[in-house]
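Undergrad: Listed here are the chains, written in short residue letters.
There are 2 protein chains.
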Amino acid sequence: MTIIGLTLLELPIFAQKIFMSLLTVGSVAFDAIETPFGKTDKIVGGAGTYISLASSFFMQEQSIISVVGSDFPKETIQEMNSRGINTEGLQIKEGEKTFFWSGKYHNDMNSRDTLATELNVLEHFDPIVPDSYQASDYLMLGNLSPSVQSSVINRMHSRPKLIAMDTMNFWMDIALEDLKKTIKMVDILIVNDEEARQLTGEYALVTAAKAILDMGPKYIIIKKGEHGALLFSKDQIFFAPALPLAEVFDPTGAGDTFAGGFMGYLASTEDTSFENMKRAVIYGSAMASFCVEKFGTDRLLEIAQSDIDKRVKVFNDLSSFELKG
Amino acid sequence: MTIIGLTLLELPIFAQKIFMSLLTVGSVAFDAIETPFGKTDKIVGGAGTYISLASSFFMQEQSIISVVGSDFPKETIQEMNSRGINTEGLQIKEGEKTFFWSGKYHNDMNSRDTLATELNVLEHFDPIVPDSYQASDYLMLGNLSPSVQSSVINRMHSRPKLIAMDTMNFWMDIALEDLKKTIKMVDILIVNDEEARQLTGEYALVTAAKAILDMGPKYIIIKKGEHGALLFSKDQIFFAPALPLAEVFDPTGAGDTFAGGFMGYLASTEDTSFENMKRAVIYGSAMASFCVEKFGTDRLLEIAQSDIDKRVKVFNDLSSFELKG
Numbered sequence: 001m002t003i004i005g006l007t008l009l010e011l012p013i014f015a016q017k018i019f020m021s022l023l024t025v026g027s028v029a030f031d032a033i034e035t036p037f038g039k040t041d042k043i044v045g046g047a048g049t050y051i052s053l054a055s056s057f058f059m060q061e062q063s064i065i066s067v068v069g070s071d072f073p074k075e076t077i078q079e080m081n082s083r084g085i086n087t088e089g090l091q092i093k094e095g096e097k098t099f100f101w102s103g104k105y106h107n108d109m110n111s112r113d114t115l116a117t118e119l120n121v122l123e124h125f126d127p128i129v130p131d132s133y134q135a136s137d138y139l140m141l142g143n144l145s146p147s148v149q150s151s152v153i154n155r156m157h158s159r160p161k162l163i164a165m166d167t168m169n170f171w172m173d174i175a176l177e178d179l180k181k182t183i184k185m186v187d188i189l190i191v192n193d194e195e196a197r198q199l200t201g202e203y204a205l206v207t208a209a210k211a212i213l214d215m216g217p218k219y220i221i222i223k224k225g226e227h228g229a230l231l232f233s234k235d236q237i238f239f240a241p242a243l244p245l246a247e248v249f250d251p252t253g254a255g256d257t258f259a260g261g262f263m264g265y266l267a268s269t270e271d272t273s274f275e276n277m278k279r280a281v282i283y284g285s286a287m288a289s290f291c292v293e294k295f296g297t298d299r300l301l302e303i304a305q306s307d308i309d310k311r312v313k314v315f316n317d318l319s320s321f322e323l324k325g
Numbered sequence: 001m002t003i004i005g006l007t008l009l010e011l012p013i014f015a016q017k018i019f020m021s022l023l024t025v026g027s028v029a030f031d032a033i034e035t036p037f038g039k040t041d042k043i044v045g046g047a048g049t050y051i052s053l054a055s056s057f058f059m060q061e062q063s064i065i066s067v068v069g070s071d072f073p074k075e076t077i078q079e080m081n082s083r084g085i086n087t088e089g090l091q092i093k094e095g096e097k098t099f100f101w102s103g104k105y106h107n108d109m110n111s112r113d114t115l116a117t118e119l120n121v122l123e124h125f126d127p128i129v130p131d132s133y134q135a136s137d138y139l140m141l142g143n144l145s146p147s148v149q150s151s152v153i154n155r156m157h158s159r160p161k162l163i164a165m166d167t168m169n170f171w172m173d174i175a176l177e178d179l180k181k182t183i184k185m186v187d188i189l190i191v192n193d194e195e196a197r198q199l200t201g202e203y204a205l206v207t208a209a210k211a212i213l214d215m216g217p218k219y220i221i222i223k224k225g226e227h228g229a230l231l232f233s234k235d236q237i238f239f240a241p242a243l244p245l246a247e248v249f250d251p252t253g254a255g256d257t258f259a260g261g262f263m264g265y266l267a268s269t270e271d272t273s274f275e276n277m278k279r280a281v282i283y284g285s286a287m288a289s290f291c292v293e294k295f296g297t298d299r300l301l302e303i304a305q306s307d308i309d310k311r312v313k314v315f316n317d318l319s320s321f322e323l324k325g
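For the protein sequence lines, the chains are S and B, in the order given.
Each residue of the first sequence is one higher than the one before, starting from 1 at the first, in the numbering used here.
Each residue of the second sequence is one higher than the one before, starting from 1 at the first, in the numbering used here.
Keep in mind that the hints are not guaranteed to be accurate.
As the list claims (entries may be wrong) - These stretches of chain S come out as covered by chain B in the derived footprint (C-beta under 8 Å, 3 or more residues): (1) 37-48; (2) 225-231; (3) 318-324.
Hints are computed from structural coordinates only; laboratory data are not their basis.
For each residue, glycine too, the CB sits at the ideal point set by N, CA and C.
The task is simple: from the sequences and hints, build the whole structure.
TA: In structure tokens form, the structure reads like this:
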């Protein structure tokens, strides 16, 4: 991925465009997490953080739209920049506080209690799209209010080639109509099984997926945690395995990391065929499998490209079989 | 599978042996089932029935050990015989009644209430192994008391090449020590996720699988219903998808049908490599996916070999992806 001896300015325009093509919108935040394995003080989290860190392994440059308070560490922003994440669209609100979430996972790691949610700067977040972001071909809308998500789409001068969005049951409870309008605008909806069921009222995931495709998106990804993920188009289904793990240390950010790996891979390959989306789901799953190995973003910050290559090979070995004859 | 113009007697001894090589031990019973889609009167069921019907698609001949009362329909036994299932070891107890189970599935189809269990002939079942069964190379022990399962192994003059067993939480509750002794005698344990957890006290399936491998078996299959199945050896894991179904009409017998397809495929290919076991898991999953489409054995009795081939192809399309480079 590194281009030795060339600065960006020396690259042909086409190559620059590829590097700049993923735009992520999502929270950059503080989390305090408690799992059966331990607990953290305030650490850096947020959907936007996980998405862009995960996708940074696939792209030289990308950009993020978000908002933090003046309490947010400059070092983290520098770390993002050093990984090719353009933070021109990351608003820093002087004298205000960064979004904070605190939660405690139950023993089975499949459910958690929210201990605190302090919206802070996120309460009146107005996502401004810098001019330098306008050429983005791929747009990943992390979990935020559907009106913030749709306003970013509306503020793009031309529609990105591919728009994916995440959401959660909270928005289904309090802003269902807005949510449905936003879903109609995107190409890919990424949700978990319970969210797919709540959104559609359908229990069987294949029926829920069909109902979501009828709402507008061309693709729907249903994440099932330890049971893998399903990718649906109108006439195709892909069942991606999850890595059977002995231990999930901290599930926080796994879904966002999946989305970042998925969109990063898609944007870097510039190929939105179903075959390539299948690969992107595997890369997303591989990235998520790292994320849960340590608290917060710790594991994402220490892995190298070679770790990802190895992990993806494990996913391949895990689910490949060959029919005879 | 049909050998045109040859009777069994004209075949070389080796080929005859292949045909005779799977022995199934399991209940042949009556079930009364209620699902959200309807209910049945007493219909034919039982682990042994599902296992041998499913494996009959892979083998010209096989055999079964079980017991029924004189109330059991002769037509069903004839149907089994017509599918190459040798019923010499199916004891018919004059004047006694066949095992009967009745259950009602909840709306999500993942849980059920047992409405009635009448052991009848199964209460004092002594599994006699006919001489003609002694050459069986593959032995499938359907869910029965572990002492009945182990007595069949002990009554074989020479140990079959491969022994697989199913069991359930009931035996973990009332006969754990017996169960562990029997598990130690087999090559493959086939259980569902909850059973694997109860048997080992481990929540993570990869840890539970390791604990079960430490008990003796060389392989463990953990069925996860709509989430697929995992096959573990000491150093390999395979994650098999499940077919995403819009509707599960009746889950009764799906696990036994999986086991029948799995063992039928293994026995018919005479190949116990991990690669071939992966294929066998896919064939088992395909057979199970038919089973749930109608009440009881109805769907298994109407499908043809071509349906199985098509379904296995669907499983392949569902989970196959190709990494680049």
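Undergrad: Looking back at the hints listed earlier, which ones does the structure fail to meet?
TA: Violated hint: only 1; rest satisfied.
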